[in-house]
Each structure stands twice: as C-alpha cells, then as structure tokens.
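Chain by chain, the residues:
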Amino acid sequence: MSADLVPALKARFPQATDRASVDHPAVNVPLDELVAVLRYLRDEQGFDVLTDLTAIDWAEGASPRFTLVYHLHAPGRPGTYVRVAAPCAGTEREPTAPSVVSLWPAADWHERECFDMFGIRFAGHPDLRRILMWDGYPYHPLRKEFPLAGIETDLPVADIAQETGTRVIAAPMAGGPFVASAGEINLTEAEPRAKDESWADRGARPDQTALRQVKE
Amino acid sequence: MATEFTYPDNAAKTAAARAGLAGQSPAGEFSTEKMSLSMGPSHPSTHGVLRLQMELDGEVLTKADPVVGYLHRGDEKIAENMTYNQFVPYTDRLDYLAPLANNMAYAIAVERLAQIEVPPRCQAIRVITAEMARISSHLMGLGAFGLDVGAWTVLLYTMEEREKLYTLFEELTGARFTTSYTRIGGVTRDVPDGWLGRVNAFCDQFLPILEEILRLLTRNKIFTDRTAGVGVISKADALAYGLTGPNLRGSGVGLDLRKDKPYSGYEHYEFDVPVGTTGDSYDRYLVRGEEMRQSVRIIRQAVAKFPGGPICATEARRIVAPPKEKVLSSMEELIQNFMLVTEGPQVPPGEVYFEAENPKGILGFFIVSKGGGVPYRLKIRSPSFCNLSILPKLCVGCLISDVVAILGSLDFVMGECDR
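Taken in sequence, the protein lines are chains A and B.
Residue 216 is where the first sequence ends in this note's numbering, and the numbering goes up by one at each step.
Residue 419 is where the second sequence ends in this note's numbering, and the numbering goes up by one at each step.
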C-alpha cells in the first residue's frame, strides 16, 4: 500500500519530488504546497497522526538554510509512515513556515520547540512562545553556529540576578568534546585526554575565567 | 460478603461543583476574582520538574499552562558532537525509569540507518531487557499514581519488586539505573551464567505479587472515586494530540508498534494488547496493570527459546568492535578497534526515523547522517513531551484535586520530556 502512495501524491501535486530514504516513503514539497499536501495525506490517505515535526539546519550560508521534516503515521494501516520535507522561507535570521496546528493540535508544542531551538516563525501558530528554554533567552541553541558549551547570558529573573550578581555561564569544556571526524582535525589533538593540565595535583586550581578560555 | 461494585459518577460531581459555583457568584456575596496558582516545578505529584500554571475559579480550573524545560540538557545538541556509541549513556537519561528500552530504541535506529541486522541472540536479549524495563517502569508508575491519590501501600510493594529487577539489571549490565547496555550493532556483554533462570524465577514469584498489588487498587473505593471518569480522553483527541503508549490504548486505540510494525523479533512472541473503553484515568491504570502480565508472557517465551550464536553483528567491521582478546593479540583487530574508538562507527549518509514502543509511549529517533561517525542531526521524539501536550485541553473544567490524579495517570517522566 505504501508503494503507490508517492505516485498518487505526485499525481496530485506535480511539484513534489522524491526524497532519498532508506526506510519510509519520503517526498520533498515546496513550502507553499506544504499545508495542502499534509491535509491531503491526513484526509485522503488516512495519516491521522502527526508523530514528529522537526527541522534540520544545513549550516550558515547554505540554501535552503533550514528544512522542515514531518513524519506522519497511519494507524489504520499498521506501521505505515510517510516523511514530508519542505525548505523554510524567509531570511536566515528569521526563517518562516506555515503552521499546521489547525490540522493537528499535536503540532502546537512541536512548532514551539522548533521556534525555540531554530528560530523558525510559524505563521498562524496560536501561541508561539519558547518551550524548553526560558522566555527572553536570546539564542536558538540547535543552530549550527551556537557553540556546544553555550554562551554566557543573564539569569532569567532580573531581581535574583541583581541580588546574587551571577550569570548563566558557558559550560567548562576542559578541552572537549573528544570526538574526531576523519580528516577534520589532527587526530593526536583529538585523542581523549584532559587538555587542561592545570587540574593535576601539582598545579594550582585554575580560576573560573581561565577555565572558560580553554575552549577558545 | 462481596459488595456490589458501582462505577462512580465523577462527571456529575464536577458538574455539581461547577453549578454550585455559578449559583454563588452572581449574588455578589463573594468575590469572583480568578486565582492563579503555580504547581511545581518542585511538587511531589508533578513527578519531577513539571510546572503547571493554573487559573482557578473556586476549585475548578479555567486554564492550565504546563511549563516544561526545567530539565533541558540539550541532548540533541550534544549528540551532534559525539560518536554514535558515545551517545548511548545519554539515552539512559531520557526516560530514566526504563533506560534499557531507550538503549534498544536508539541502537535500532542507528542500525536501520547503517542497514545492518543484529543476530537473533542479540534481538532476544534486547526483547527480554526491554520488557523487564517496561515492568519496572510501570511498577514505578503505578506506585507513584497510588501515592498521588492517597494509597501509600502500593508504592512499598512496587518498589520491592522493582528492586529485584534492578538486581538483575546490575548483574547483566553492571549498573542498576544507567545501564548503557547496547552498542550500535549489538549489546555490550552476553548474559551471565544462570541469569535467564533467575529472570524466570523472578517472573514466577512476580505474578502473584502483581495480583496482590492490583487488588489494592482495582476495587478500592477511594481509588476508583478519585480516578474513574476523571481526565477522559476521547479516541479522536488522543490521536490528534499524538498520544501514545498506555495513554493512547487507555482511550481504546489498539496501536502498539510491537504488533503493528514489529522490530527486534517481536513478531515471534505471542501477547495481547490491552485497550481501555472510556479513556479515563482508571482505564489507563488498568491498561498498565495488564501490560505487565503481557510483558511477563513475552519474557517467558523469549527465555524458553533463547537462541545461541553471537551477540553482535560481527561482520559489520566498521561499526562493531572486535572481541577484546583479539584486540590484544592481533594487529588487524587492534587497528579496527582503534578506528572505531577514535572515529566512531562508520554510518553511510542518509536519513532514518525509527519508533519503538517504550513503556511511556512511542520513542522515536530521527537521525540525519552525512557519513562518518557523528550524526549531523539527531531528533528525539519523546512520548512524555507529546503526552503532556494535551494537558491544557484536558485540565480545563477539572477540579484541582483531579489534576493530581490526571498527572499520575499520564505517567510521564521529565528527563524525556525536556531532553
């Protein structure tokens, strides 16, 4: 049954193209047809469940910078999934996409998460707020340019920040992350060992600022 | 003398409370200002760090806004910065009440991407551990649910049983809680001598105790009064909000990926999928109780026809580590091991989305690879996150005391929700 799904979809939406996939049927669609395609899949193909909605960041300068990926599941046809992908419109700073909350209420939190992590503005979302990070957090952490350690920011509550004088600091990475991709960096440098040798018994304990500079 | 069991009509009680409220307010004797109340993130019945921002009219909720993210650790970001095997310990910390099931779901997702098959013995070990994880997770869920609505004793029984399971986990994996048991293409170590017998022995003594535990609640008047008819989720709502697991099956949808899209050899085992009829908190409790019996059935079958052979897909030499004794004695295996540790399992470019039927619901991994040992993007579709998204709809019109029962019946875990 899933074999004739993609041809049927392409006959209805000529702009849809095949997307390489090792598991489920997958299509690329242009952003302006996205909602129509998803509605067609829900109403005429029985994909009642939006099981996952997420985005991929193809790094700074890539075009398209962000791709949205939807996974739909048809409970009436056990184990049948389809993957629909669409590139985001808008600028790199403020990518945009249409919301599908009207089709599935499940999209509400998923789209909020996508906005929180990537900064994608979903037009028509009833309540597009951050969900995992706090309101007022200035960055979108799953973007590729955001460093793993994080960036120093203010505490979310102003009076506590003033009282304590603390800030949200970047994680001390102590030379990590300890991972090497072939050809990317010198393997000797990437070997798993603590780079911050001042931690050894002989040396004095480093102060916080020195610790934070290790990564730079 | 046996007393007749009557199904309590809680919907009528809530309606009466609402009607009483409406009768009082227009007279002008009371202030009708709405009250806002914040429950959590540090509250015993929010099972971790969920916070509910509620708006109350008397005892009735007019608005509920769940605030999540207090346990956000950036697991998806971390995954982009380490090899596939290095991420296994992070999966322990998603649903930390069933780490073995998470380990398995993650490993299978990467194996699908790399298009390798694990041998039958590995599949059987994974099924046994995943079902044991399901039992331990449901035991905790039931115990905490009982505690939430005032039944202390249940927790004492369930914790004792869970402890026995943890002893078995420790013997198998070396850890009680954070097991990190799977590797891409296999598991870390084979079952110890006599371990399967001890698993069987656990099953034998567990079933009578399970009946005893369920007897504490199933016909308990206080428990049914607190849960029956409370937090009713319709079939259509459950599907539209992406609910999964016992919460979806409690609403009468028989969706279970172990049956619908079997993985890891689940098609070889006989078991039933319990579904509820009304979709209330009581049904969700009943479904969890029955699922434990079914898990025992699966474990027994898996132990009875436990296959021999290797525990890893040994032919996938760029993904699975060679045996340790060979690493220490043969040059080729030493190089293989070195490349695997420094560069990670070599996975071809592509995309994969795999979902597994975890105790809390469907856990999905969407992995985008550009080749090499590190995922380019890894998205975790966590069941608790999706299950909680129905709260703003579900809680409106409930009494505030029902909120505790509803949260207990949804059985979520914040490590997985916040990732």
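By construction, these hints were calculated from the structure, which means they are not laboratory data.
Every residue gets a Cβ at the ideal spot worked out from N, C-alpha and C, and that includes glycine.
Don't take every hint at face value.
Interface residues of chain A toward chain B, partial, derived using beta-carbon atoms under 7 Å [claimed, not checked]: (1) 54; (2) 78; (3) 79; (4) 109; (5) 132; (6) 136.
Hints versus structure:
1. 54: Where the cut-off is 7 Å and the nearest Cβ of chain B is about 4 Å from residue 54/A, the hint holds.
2. 78: 4 Å, holds
3. 79: 3 Å, holds
4. 109: 4 Å, holds
5. 132: OK, holds: residue 132/A within 7 Å of chain B, min 4 Å.
6. 136: 13 Å, violated
Figure legend: structure checked against the earlier numbered hints; the only hint not met is number 6.
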